[in-house]
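Chains as they are written, first to last, in our numbering: chain D, 1 to 113; chain P, 1001 to 1112.
Think of the hints as simulated: they come from the structure by calculation, not from any bench.
Even for Gly, the Cβ is constructed at its ideal location relative to N, Cα and C.
It cannot be assumed that every hint is accurate.
Unchecked claim - Restricting the straight-line Cα-Cα distance to at most 30 angstroms, the calculated cross-link-like pairs of lysine-lysine (DSS-like) are: (1) P:K1065 <-> D:K41; (2) D:K41 <-> D:K68; (3) P:K1018 <-> D:K41; (4) D:K41 <-> P:K1071; (5) D:K41 <-> P:K1017; (6) D:K108 <-> D:K68.
To be verified - Ranges of calculated distance between the beta carbons of each label pair, as one might list FRET restraints: (7) P:L1112 <-> D:G53: 20 to 28 angstroms; (8) D:N52 <-> P:G1016: 27 to 35 angstroms; (9) P:G1096 <-> D:P39: 29 to 37 angstroms; (10) P:L1088 <-> D:L50: 26 to 34 angstroms; (11) P:G1097 <-> D:D38: 39 to 47 angstroms; (12) D:A69 <-> P:E1001: 35 to 43 angstroms; (13) D:P113 <-> P:T1015: 23 to 31 angstroms; (14) D:R60 <-> P:V1054: 33 to 41 angstroms; (15) P:V1054 <-> D:H75: 34 to 42 angstroms; (16) P:T1086 <-> D:H75: 31 to 39 angstroms; (17) P:E1079 <-> D:K3: 26 to 34 angstroms; (18) D:Y22 <-> P:A1105: 35 to 43 angstroms; (19) D:N52 <-> P:G1096: 18 to 26 angstroms.
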Amino acid sequence: ELKVEQNPLFLSMQEGKNYTIYCNYSTTSDRLYWYRQDPGKSLESLFVLLSNGAVKQEGRLMASLDTKARLSTLHITAAVHDLSATYFCAGRNYGGSQGNLIFGKGTKLSVKP
Amino acid sequence: EAQVTQNPRYLITVTGKKLTVTCSQNMNHEYMSWYRQDPGLGLRQIYYSMNVEVTDKGDVPEGYKVSRKEKRNFPLILESPSPNQTSLYFCASSPGGPDIQYFGAGTRLSVL
C-alpha cells in the first residue's frame, strides 16, 4: 500500500528566498502529482510527473521526480507572497486500480515580505 | 465555461438522514473522483470512476455510495450520515485517469 509523506508540513519563507518541499513515497508509484490550494479555496492541479527524471516548471515553481529514491521535490524560486498556499503531492497507487490516488498531508507555505 | 459544479456548497444535517451531494462536469471527462479533506489528515479519496458505469473504492469508502450512470454526473450518497462524516468534500474530473484534475468548489458538510 502506497504511503506518501511530505515535509515540511509548515513553511514560513521570506520573499525572494528559495526553498524546497519534499515528497517521499513508500512503494512504486508510476506517476506523481502536485496540487495547490489557496486558503479557503478549492484545489488546482499543478504538475503531473510521469517518469524518472521528469522535470516540470511553471513560473517560480519547479517539480522533479526521482523514482529510484522515491522522491519528488517542489522547488520554489524567489518566493513571492502570491505563492502562499497549501501544496499537496499525491502518488498513484501502483498496486491498485489506475484511478486510486494517495495524498500527502500537505505543506502550508506562508511567504512574508 | 468549463467547470465542475458541486451542490450544495454548505449542508447541515442530522445523523441518519440520507443525503446526496451532486457533482456535474461539462468537459466530457471520463474520470471523476470524490475526496474528503479533514484538518491534519489532508485529502483522502472516497470513490472514483474511470468511466460511465465503472466505479471503484478509494481509501475511505465506508459510509458512502456513488453511481455513474452518465458521463457528466457523479453523485455522492450518504445513506445514513454520522458525525464522523463531517468534512469538506471535493469532486474532481479529468479527461482520462487522475492526471490534470479540475476540482469543484467544495461542499462543507456538518452532521449533527
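We went through each hint and held it up to the structure:
1. P:K1065 <-> D:K41: OK: P:K1065 and D:K41 at ~25 angstroms, within 30 angstroms.
2. D:K41 <-> D:K68: 34 angstroms, violated
3. P:K1018 <-> D:K41: 27 angstroms, holds
4. D:K41 <-> P:K1071: Given pair D:K41, P:K1071 holds - Cα atoms ~26 angstroms apart, limit 30 angstroms.
5. D:K41 <-> P:K1017: Between D:K41 and P:K1017 the Cα gap is close to 28 angstroms, so the pair holds against 30 angstroms.
6. D:K108 <-> D:K68: 27 angstroms, holds
7. P:L1112 <-> D:G53: 20 to 28 angstroms: 51 angstroms, violated
8. D:N52 <-> P:G1016: 27 to 35 angstroms: 49 angstroms, violated
9. P:G1096 <-> D:P39: 29 to 37 angstroms: With a Cβ separation near 31 angstroms, P:G1096 and D:P39 satisfy 29 to 37 angstroms, so the hint holds.
10. P:L1088 <-> D:L50: 26 to 34 angstroms: At 29 angstroms between Cβs, range holds.
11. P:G1097 <-> D:D38: 39 to 47 angstroms: At 25 angstroms between Cβs, range violated.
12. D:A69 <-> P:E1001: 35 to 43 angstroms: 41 angstroms, holds
13. D:P113 <-> P:T1015: 23 to 31 angstroms: Check failed, 47 angstroms falls outside 23 to 31 angstroms.
14. D:R60 <-> P:V1054: 33 to 41 angstroms: At roughly 39 angstroms between Cβ atoms, P:V1054 and D:R60 fall inside 33 to 41 angstroms, so the hint holds.
15. P:V1054 <-> D:H75: 34 to 42 angstroms: 37 angstroms, holds
16. P:T1086 <-> D:H75: 31 to 39 angstroms: 36 angstroms, holds
17. P:E1079 <-> D:K3: 26 to 34 angstroms: 30 angstroms, holds
18. D:Y22 <-> P:A1105: 35 to 43 angstroms: 30 angstroms Cβ-Cβ, so the 35 to 43 angstroms window is violated.
19. D:N52 <-> P:G1096: 18 to 26 angstroms: 22 angstroms, holds
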